[in-house]
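Protein chains in written order, with this note's numbering: chain X, 281 to 424; chain L, 281 to 424; chain Z, 4 to 411; chain B, 4 to 411.
Because the hints were derived from the structure by calculation, they are not lab data. There may be inaccurate statements among the hints.
Derived, one-sided and incomplete: chain L residues facing chain B with beta-carbon distance under 7 angstroms [to be verified]:
id	residue
1	ASN282
2	LEU284
3	LEU285
4	LEU319
5	CYS320
6	GLY321
7	ASP322
8	TYR325
9	ALA347
10	PHE404
Not the full set, but computed from the structure, chain Z residues with beta-carbon under 10 angstroms of chain L [unchecked claim]:
id	residue
11	SER60
12	GLY62
13	VAL63
14	SER67
15	VAL68
16	THR71
17	PHE72
18	LYS80
19	ILE260
20	SER261
21	GLU262
22	SER267
23	ALA271
24	ALA275
Chain X residues, not near chain B, derived (Cβ > 12 angstroms throughout) [unchecked claim]:
id	residue
25	ASP287
26	GLN290
27	MET406
28	LYS419
This one's a predicted model, so the numbers in the text were calculated from it and none came from an experiment. We put the beta carbon where it would ideally sit given N, CA and C, even for glycine.
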Amino acid sequence: MNDLLKDLYQEIILDHGQDPRNFGECENHNKSAKGHNPLCGDKVYVTLLVDQDDVIKDIKFSGEGCAISIASASLMTEKLKNKSLDEANKIFNDFTNLVKGSTDELRLLTEEDSLYALKGVEAFPMRVKCATMAWHTYKSATNE
Amino acid sequence: MNDLLKDLYQEIILDHGQDPRNFGECENHNKSAKGHNPLCGDKVYVTLLVDQDDVIKDIKFSGEGCAISIASASLMTEKLKNKSLDEANKIFNDFTNLVKGSTDELRLLTEEDSLYALKGVEAFPMRVKCATMAWHTYKSATNE
Amino acid sequence: MSKALLNSNIKDDFAIFEKKILNKDLIYFDTAASAQKPKIVINEINDFYNNHYSNVSRGVHTLSVESTFKYEDSRKKVKDFINAKSDNEIIFTKSATESINLVAQTFCERYMKQGDEVILSIMEHHSNLVPWYFLREKYGVVLKFAMIDEEGKIDLDHFSSLINDKTKIASITHLSNVFGTTTNKEIVKICREKEIFIMLDGCQAAAHNKIDVQDLDCDFYVFSGHKTYGPSGIGVLYGKENILNDLPPYQGGGGMISEVTLDSVSFADLPAKYEAGTPPLVEAYGLGIAIDYMNSIGIENIMLHEQELSNYALKKMKELEFVEIYGNGNEKSSIISFNLNHIHAHEVASFLDVEGIALRAGHHCCQPLMRHLKVNATSRISFGVYNDIKEIEVFIEALNKCKDFFKK
Amino acid sequence: MSKALLNSNIKDDFAIFEKKILNKDLIYFDTAASAQKPKIVINEINDFYNNHYSNVSRGVHTLSVESTFKYEDSRKKVKDFINAKSDNEIIFTKSATESINLVAQTFCERYMKQGDEVILSIMEHHSNLVPWYFLREKYGVVLKFAMIDEEGKIDLDHFSSLINDKTKIASITHLSNVFGTTTNKEIVKICREKEIFIMLDGCQAAAHNKIDVQDLDCDFYVFSGHKTYGPSGIGVLYGKENILNDLPPYQGGGGMISEVTLDSVSFADLPAKYEAGTPPLVEAYGLGIAIDYMNSIGIENIMLHEQELSNYALKKMKELEFVEIYGNGNEKSSIISFNLNHIHAHEVASFLDVEGIALRAGHHCCQPLMRHLKVNATSRISFGVYNDIKEIEVFIEALNKCKDFFKK
Ligand SMILES: Cc1ncc(COP(=O)(O)O)c(C=O)c1O
Ligand SMILES: Cc1ncc(COP(=O)(O)O)c(C=O)c1O
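With the rest of the complex left out, here is chain X:
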């Protein structure tokens, strides 16, 4: 099996892709957004509950997509839960840099993070949109 594919589809990606965590809608949410990938028509819906102190108390997603987009959404919800919006936005930046193969230094994400599993996407530039779809949707939900 080709190494690039092994890097792209690590165990954890296939796992989250088939069995996503935090799938659905937050029972209580005060922020939400829809997103889609114009390349393939995949869609995602992200809901959040953000408290007075700008902490993400709950975050869930639903939708359809490829393994990369679903796994990325699933890992995102795990990572961002209980983070402040400020931290979450830094992670957003780190993550998009990571998958784009940007040379910018990561500020909060480390190799230990499960999200790091998505680094393999950098070898497949046209899949970056899959990996970041849920993230951009989170972003637009919190920007409103």
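Chain X is fixed; fit chains L, Z and B with the ligands onto it per the hints.
Just chains L, Z and B with the ligands now, kept in the frame of chain X:
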């Protein structure tokens, strides 16, 4: 001096270009048309008197243009005067074939004709429009 | 079977097949998106720039003459290629998309008013939908959509039933870029009987079928150079001469005028009337060379070759129980759309990419059709002159590997 | 003087100068119509087709990635070339003519109603006239024309005096293709003060001046690739991002959509919003390489070089009493228009063609200006990086010969 230029600008062309015959408007005319060359904005106005038997009793032209277009108009009026429309149209075909360098056989024009002097145009394809401007104008005058 | 196949060393005509994709031979199954270019096309483009280049139509000097003649010569080749009656019926645009926009806009200006109707189909490419949506939005034109049958062909009865007194034009794909099905030319007869205009979107057909616009009798026909082995940046609009004469101009600018004053403008005759500005002249020339190339193989032979490949691929794919094929007929021309059970088309595309196989995954600019098929995306393979049976074997094996990889 | 001139072996960068015109060296004085292409541009176009070609933006496979990155990379180069703020402000079109049509049409739809006014000038190219004439015709927009001074520059006082409450936009040439004069950037200030939009037609300026759209502060800027040493079939539209976001789309089709249903369509973000259909992708790439090439020489150096040539040619031509030059100033950038007494411009062009000299004769797509100058046609020489002083000597000699030939 280059041979192509010599062929293009034969004595008779320069003569008719500088001193055109049948310049002006027929005093009595029953057909007329305006024409122009979109490449350079040159213009020509052709008037004809065609009798009941479809014979061109008079033909004149006016306008501005390059030596080729003026000479061609001048030589045309000389040639077409007193011809039947039928003959004139055959000459029209011959002439356009001549200047385009078409391989079609000429039916009425011969090497003795003064119009034959315009054969040099075939080496300058972008000048064909100059040489045929008055002719197309004649044509549209008689087609109305 | 092999009789219909082209000699496999046809690949040598294309430099790109010397390229390796991650050390694998390139298997290019994405011709429906854009065809690869024969060396002769690229070499002739070089020659044009290196020995004959200048702007066209306006200059007197030698290079201008040479460029103009090459440009106009190409128009003649296109005319012969689709058997139009006159050079005046061939308009060079930048793409089929532009050709369709041109027709939609000028046709509507000339012949349609609020409430008038246009017939499209649910399987049209976005390029044959959105230009009409603009008319709906701006002028209140009504759009109706013909249904398709199980095979993926226009349902002619349904098409016919949509036509009424308000219908002015239909615009329909000639060969579906998702199913590979060809629209029955009966459709033009229906339009003739009901006295409406018809445009055929020949993007996929032009590289695959012999096109004869006089025999088809359609009013407009469009295709793109880049899908017919020509360069990018060039498209064709065919329109019947009397209709093009009757329609207003589209874009304004140099080259398409007869005379301009501060108060007025009069327009050049066809085809210049529709070619405002410096045209994609070298691209038009390149398309002419691509046509020469296709003719040298024979468009019939190309069709038979691609048909053979499609038949073989279809047979092999049907043997794989995890493959779902869209459109249940056997007519697939050079295009097959499919999905692997439970595996997203993007995964298939990335997986196969690593095997050197270039195919397309997505909605193929046919979102309404995807919705009809109840999928977001499909994978699509499509063939050109350079493909062969061995590549299909590699592809089938790769599909098997792909299924195994994502099963775990 | 010679300090400002580029090294004369720059001709070696262009294959076409190995060509003979009727056994004479080619002297190409028609760059204003279209520039010749450096070998590097042609070679890179080859390389694109031979090693990286596929359609852009939609595919997942390697070739699609490579093509997309090359295409988008070129957009960045154009952005830097004219110092735009963002890639989103750079739209690839097929030509400057198309860019102007796009702006005229979408701007009018969004911001203008019957009776609103547009300011042009009497020396605009047909491509910056006719698109606006269409608006006059279709929507009852009023067009006003700024006068020029004796030198051939926009009369800014007159321009200013034309602006009133109904004026919405001005569209003015940045560098005259007849006089070689540059429009004072004060014109933008006037528009800012009077709160109207302004588009600059940079067709001639882009190959000759350093363009800085932020410094100019214009709302739109357009130019053509083929006049800036790039391939045919590619044009650029620059627009300020907030304005382009606000304007409606122009052509509809694949690539410019976000989502399409049978009832509705939503549009992609900039720049895709304005790039319907498969774009002229290799052409865009070629333009990027041409920009690299110009940068490698230095656009300042190009300007100085052409300025030197123009100054020298002007001086020599003024010594010939039978030559009339249009525009009485000394600023001629890379363009000089003239006539020989009593000899039609077409005669001059044919005569010089035979000497190997390619120049332009005609109305230069500026018929209203020709009328203002009271001529049908002029001859025009224009310079590029590859021209040199020696060629001007040959040209001057040829003018003398021409006069003698037609005197008899
Ligand atoms: C000043 C000016 N504007 C517009 C144009 C039109 O450019 P194009 O024909 O490349 O669209 C030209 C070139 O002919 C020009 O010189
Ligand atoms: C059926 C069909 N119509 C229209 C188009 C649009 O062609 P282009 O993008 O070359 O304008 C395509 C190709 O994408 C197509 O397959």
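So, going through the hints one by one against the coordinates:
| no. | hint | verdict |
| --- | --- | --- |
| 1 | ASN282 | 5 angstroms, holds |
| 2 | LEU284 | 6 angstroms, holds |
| 3 | LEU285 | 5 angstroms, holds |
| 4 | LEU319 | 5 angstroms, holds |
| 5 | CYS320 | 4 angstroms, holds |
| 6 | GLY321 | 4 angstroms, holds |
| 7 | ASP322 | 5 angstroms, holds |
| 8 | TYR325 | 14 angstroms, violated |
| 9 | ALA347 | 6 angstroms, holds |
| 10 | PHE404 | 6 angstroms, holds |
| 11 | SER60 | 8 angstroms, holds |
| 12 | GLY62 | 7 angstroms, holds |
| 13 | VAL63 | 5 angstroms, holds |
| 14 | SER67 | 6 angstroms, holds |
| 15 | VAL68 | 5 angstroms, holds |
| 16 | THR71 | 7 angstroms, holds |
| 17 | PHE72 | 7 angstroms, holds |
| 18 | LYS80 | 19 angstroms, violated |
| 19 | ILE260 | 7 angstroms, holds |
| 20 | SER261 | 6 angstroms, holds |
| 21 | GLU262 | 7 angstroms, holds |
| 22 | SER267 | 14 angstroms, violated |
| 23 | ALA271 | 6 angstroms, holds |
| 24 | ALA275 | 8 angstroms, holds |
| 25 | ASP287 | 16 angstroms, holds |
| 26 | GLN290 | 19 angstroms, holds |
| 27 | MET406 | 5 angstroms, violated |
| 28 | LYS419 | 14 angstroms, holds |
Hints 8, 18, 22 and 27 from the list above are not met by this structure, while the remaining hints are.
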